[in-house]
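Novice: Chain residues, written in single-letter form:
2 protein chains.
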Amino acid sequence: MFKALGDPVRLRLFSAVASHEGGEACVCDISDVGVSQPTVSHHLKKLKEAGLLTSERRGTWVYYRVEPSVLAAMGRLLVLPAAA
Amino acid sequence: MFKALGDPVRLRLFSAVASHEGGEACVCDISDVGVSQPTVSHHLKKLKEAGLLTSERRGTWVYYRVEPSVLAAMGRLLVLPAAA
DNA sequence: CATCTATGTTGACATATGTCGAACCAGGCG
DNA sequence: CGCCTGGTTCGACATATGTCAACATAGATG
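Protein chains in written order, with this note's numbering: chain A, 1 to 84; chain B, 101 to 184.
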């Protein structure tokens, strides 16, 4: 999880998806992060493999959304040590 | 921050320091993570550069502790999007 | 001072990673 | 069917990263 978010481009992509209206974003909505479009696709794939995002094709476009369990998991991971 | 914790060895080291009695750990307490001692030192340096740990030499040993602001920062970073 | 233990630094090296261009699918549309 | 647009996969390449052995430093201690 940390490894997946370790790359600046992936962090931006993840953030863009997470903060996008409706909780989902088409690739075309978030693909202006300063790298070529194949690279965007590559990073989105990594994020998907890491279980942070899910993708769904609807017609021409592919929509990505944040896997809901992820933020909860990170919350548990970090809040507990902080309290201890 | 995510990049610093992206490496498994660093994540273990950070976790070991964070969960150690007294909030601090001597290098000798946490150096059995499966890599050589220079490598441990190297990763601890990275964690320090990333602002996640601080170090202090007391006599023969060097003690590492978690920078307090870090867990709070991560909490803010993740809890807010989760609520939104 | 000589020396021993605990850490840090350096240099070299193999591997992983990010990046791009080119080629390749998928679906809508004339 | 032919083509255009959105997206992914492939292959190649440069750079970053993790790792270790060897050497260097900091204190303690005799």
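Watch out, some of these pointers could steer you wrong.
[As the list claims (entries may be wrong)] BS3-like mimics (lysine-lysine), calculated; alpha carbons at most 25 Å apart, straight line:
id: 1; chain 1: B; residue 1: K145; chain 2: A; residue 2: K45
id: 2; chain 1: B; residue 1: K103; chain 2: A; residue 2: K46
id: 3; chain 1: B; residue 1: K145; chain 2: A; residue 2: K3
id: 4; chain 1: A; residue 1: K45; chain 2: B; residue 2: K148
id: 5; chain 1: B; residue 1: K103; chain 2: A; residue 2: K48
id: 6; chain 1: B; residue 1: K145; chain 2: A; residue 2: K48
id: 7; chain 1: A; residue 1: K3; chain 2: A; residue 2: K46
id: 8; chain 1: A; residue 1: K3; chain 2: B; residue 2: K148
id: 9; chain 1: B; residue 1: K103; chain 2: B; residue 2: K146
id: 10; chain 1: B; residue 1: K148; chain 2: B; residue 2: K103
id: 11; chain 1: B; residue 1: K145; chain 2: B; residue 2: K103
id: 12; chain 1: A; residue 1: K3; chain 2: A; residue 2: K48
id: 13; chain 1: B; residue 1: K148; chain 2: A; residue 2: K48
id: 14; chain 1: A; residue 1: K3; chain 2: A; residue 2: K45
[To be verified] Not close to chain B: a few residues of chain A, all C-beta gaps over 10 Å, as computed:
id: 15; residue: A4
id: 16; residue: T54
id: 17; residue: T60
Hints in this document: simulated from the structure, not taken from any laboratory.
Cβ coordinates follow ideal geometry from the N, Cα and C atoms, glycine included.
Novice: Does the structure keep A/K3 and A/K45 at a Cα separation of 25 Å or less?
Specialist: holds (14 Å)
Novice: Tell me if the straight-line CA distance from A/K3 to A/K46 falls inside 25 Å.
Specialist: holds (10 Å)
Novice: Measure nothing beyond the straight line between the CA atoms of B/K145 and A/K45; if it is 25 Å or shorter, mark the hint as holding.
Specialist: Between B/K145 and A/K45 the Cα gap is close to 31 Å, so the pair fails against 25 Å, i.e. violated.
Novice: Taken at face value, is the distance from the CA of A/K48 to the CA of B/K148 at most 25 Å?
Specialist: Answer violated: B/K148 to A/K48 is near 30 Å, above 25 Å.
Novice: Taken at face value, is the distance from the CA of A/K48 to the CA of B/K103 at most 25 Å?
Specialist: The hint holds at about 18 Å.
Novice: Does the alpha-carbon distance linking B/K103 and B/K146 stay inside the 25 Å limit?
Specialist: holds (10 Å)
Novice: CA of B/K145 to CA of A/K48, is that 25 Å or under?
Specialist: violated (31 Å)
Novice: Given the hint that B/K103 pairs with A/K46, test it: the Cα-Cα distance must not exceed 25 Å.
Specialist: It holds: about 15 Å lies between the C-alpha atoms, which stays within 25 Å.
Novice: Is the nearest CB of chain B more than 10 Å from the CB of A/T60?
Specialist: The claim stands: A/T60 keeps its Cβ more than 10 Å from every Cβ of chain B (closest is about 28 Å).
Novice: Does the structure keep B/K145 and A/K3 at a Cα separation of 25 Å or less?
Specialist: holds (18 Å)
Novice: Given the hinted pair B/K148 and B/K103, is their alpha-carbon gap at most 25 Å?
Specialist: holds (13 Å)
Novice: Take the C-alpha atoms of A/K3 and A/K48, compute the straight-line distance between them, and say whether it is at most 25 Å.
Specialist: Satisfied, since the Cα-Cα distance of roughly 13 Å is no more than 25 Å.
Hint compliance for this structure: hints 1, 4, 6, 13 and 15 are broken, all remaining hints hold.
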